[in-house]
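Just need the whole structure built from these sequences, with the hints factored in.
Here the protein sequences come in this chain order: B and A.
Using the numbering used here, you'd call the opening residue of the first sequence number 3 and step up by one each time.
Using the numbering used here, you'd call the opening residue of the second sequence number 1189 and step up by one each time.
Please keep in mind that the hints were generated in silico from the structure rather than gathered at the bench.
Hints may be right or wrong, so weigh each one.
Unchecked claim - Chain B side only, calculated, beta carbon under 7 Å to chain A, not exhaustive:
# : residue
1 : L23
2 : E50
3 : F107
We treat Cβ as the ideally placed atom computed from N, Cα and C, and that holds for glycine.
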Amino acid sequence: KAGVTQTPRYLIKTRGQQVTLSCSPISGHRSVSWYQQTPGQGLQFLFEYFSETQRNKGNFPGRFSGRQFSNSRSEMNVSTLELGDSALYLCASRTIPGAHNEQFFGPGTRLTVL
Amino acid sequence: DQQVKQNSPSLSVQEGRISILNCDYTNSMFDYFLWYKKYPAEGPTFLISISSIKDKNEDGRFTVFLNKSAKHLSLHIVPSQPGDSAVYFCAATPQTGANNLFFGTGTRLTVIP
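Printed below as a string of structure tokens:
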């Protein structure tokens, strides 16, 4: 079974631009979560989508948004990029939400904002 | 506000010896804890978990200990192998309600052959 895939793997943008990242979950997984990883903060939860609905949202500004499609694929968008948005963005999928349902992570998209 | 803390950014251990990675949390609502392992250029992979009704869970060379009163957990790897060299993240979540994971900042483990 194919794992979680994320595209693109690397991205360079400049301040003020916007960016869209894509995540394809493992087949049969309907929940997709997004995390931001930075050196000082570790992994921080952005949001989780399940059945095309945002189920939960972390403490990030409104510039960060996401959506999920009927095939469970998910995208996240960051508008008006800031230097501090440079990070590794990780997507994780699981069958359904639930603490005991293992999350499987993709390799991440490395975003650099210049 | 970091609710899960890993105070040791790095740890070096000789092959064959025990590796002990520590994690502290502040939120009393957390009752399910996980350890993830991350290699460079890969996403984190699940290693082992423990529920708050237990104080120990073992899986092969990996054992997680939970001390609820101290809000502390630790991961023991015995014996350590060079392939264990990676970044280890501790994570916590409530079992009910919104159960997104709260991660620590990670500990880089280096196992020296």
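Results for each hint:
Annotation: interface hint on L23(B) violated; nearest CB of chain A at approximately 14 Å, more than 7 Å. At a threshold of 7 Å, the smallest CB-CB gap from E50(B) to chain A is about 6 Å, leaving the interface hint in force. With 7 Å as the threshold, the beta carbon of F107(B) comes within range of chain A, its nearest partner Cβ sitting at about 3 Å, so the hint holds.
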